[in-house]
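Heads up: the protein sequence lines correspond to chains A and B, in order. Note that the numbering used here numbers the first sequence so that position 26 is 1408, with each residue one more than the last. Note that the numbering used here numbers the second sequence so that position 8 is 45, with each residue one more than the last.
It is possible that some hints are incorrect.
Stated by the list, open to error - Quick partial rundown of chain B residues pointing at chain A, CB under 10 Å, derived from the structure:
#1 81
#2 86
#3 88
#4 91
#5 188
#6 259
These are computed hints drawn from the structure, not numbers from a lab. Here the structure is a predicted model, which means the values were calculated and not measured. Virtual Cβ for every residue (Gly too), placed ideally from N, Cα, C.
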Amino acid sequence: MSFSGWNEVINMGGYGFFVWLSFGVTLAALAALMIHGLITRRSLQQQSKLQQQRQQRLARRKQQERSR
Amino acid sequence: MWRWLHPYAKGEATYRLLGRWLPWLTGSAVLTLAVGLIWGLLYAPPDYQQGDSYRIIYIHVPAAIFSMGTYTAMAIAALIALVWQIRTAEWAIAAIAPVGAVLTFIALFTGAVWGKPMWGTWWEWDARLTSELILLFLYLGVIALYHAFSDSRTGAKAAGILALVGVVNVPIIHYSVYWWNSLHQGATITKFEKPSMATSMLIPLLICLLGFALMTAAFVCQRLRNEILRQELHRSWVQQELDQ
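Excised from the complex, chain A in its bound form:
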């Protein structure tokens, strides 16, 4: 390791703020991208469920009309 202790790692030779700010924001941006992808899938799941319910309702109504 090119540092002798965690204090030095955090300090980064006086550039700690800049180094850790760039790494932190990068991590946050990537995490946001991943979470957005997961949320999109979840909302697709809900849309699919609604669509299926609608189809079932339509099918039932058609059957009722036929039996009348």
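Starting from the structure of chain A, add chain B where the hints point.
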């Protein structure tokens, strides 16, 4: 070869293929990035001029390179979509653009944070920085156009044309440091001569590059799968897939 490729013009086959790739891409990306970034942050030696601030390079350079690489991939997808009207290629435009936009944002942000201690300024309207900012706007434009029409094929066509026209910006970004006087330094590794960097710093950078490549591929896989589901939501295979 064309016969082999043909089923992937259909959504379901592509969706399944990407599903097989996704866990491997994600796992190897996390592993490679962990090794590369920890090596770069903790074990690589400090720079003799820039001290420890240069460690930002381990995210800045991979993000910048792949912000351009991803754009090129998106432009190729747009070309395929416009010429052969393949829907999977249209959806790839929508899948690639947000990933590229995030990579471009990371490149710009880390560049600014690195520029402050080294150049004394967060931002300078010089050729390299400005052309990279235009790249971000191109990505945002492609995303906006794709979703701007109620008919998704029209949107894909419009976004594809913008993606193709904007590809002219990619070589401008790359050569900007040679064509104009710039604060930004010249190429370190993307040139044909020997890289101008010590091996002990270069190896973790190459690992980070590989990690960013795998990560970009994993993100595009994830988003393309979502886009296929969104476009084929009325099909029975999608409903079965989402019921699980």
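| query | Going back to the hint list, which numbers does this structure go against? | reply | Hints 2, 5 are the ones this structure does not satisfy, whereas the remaining hints hold.
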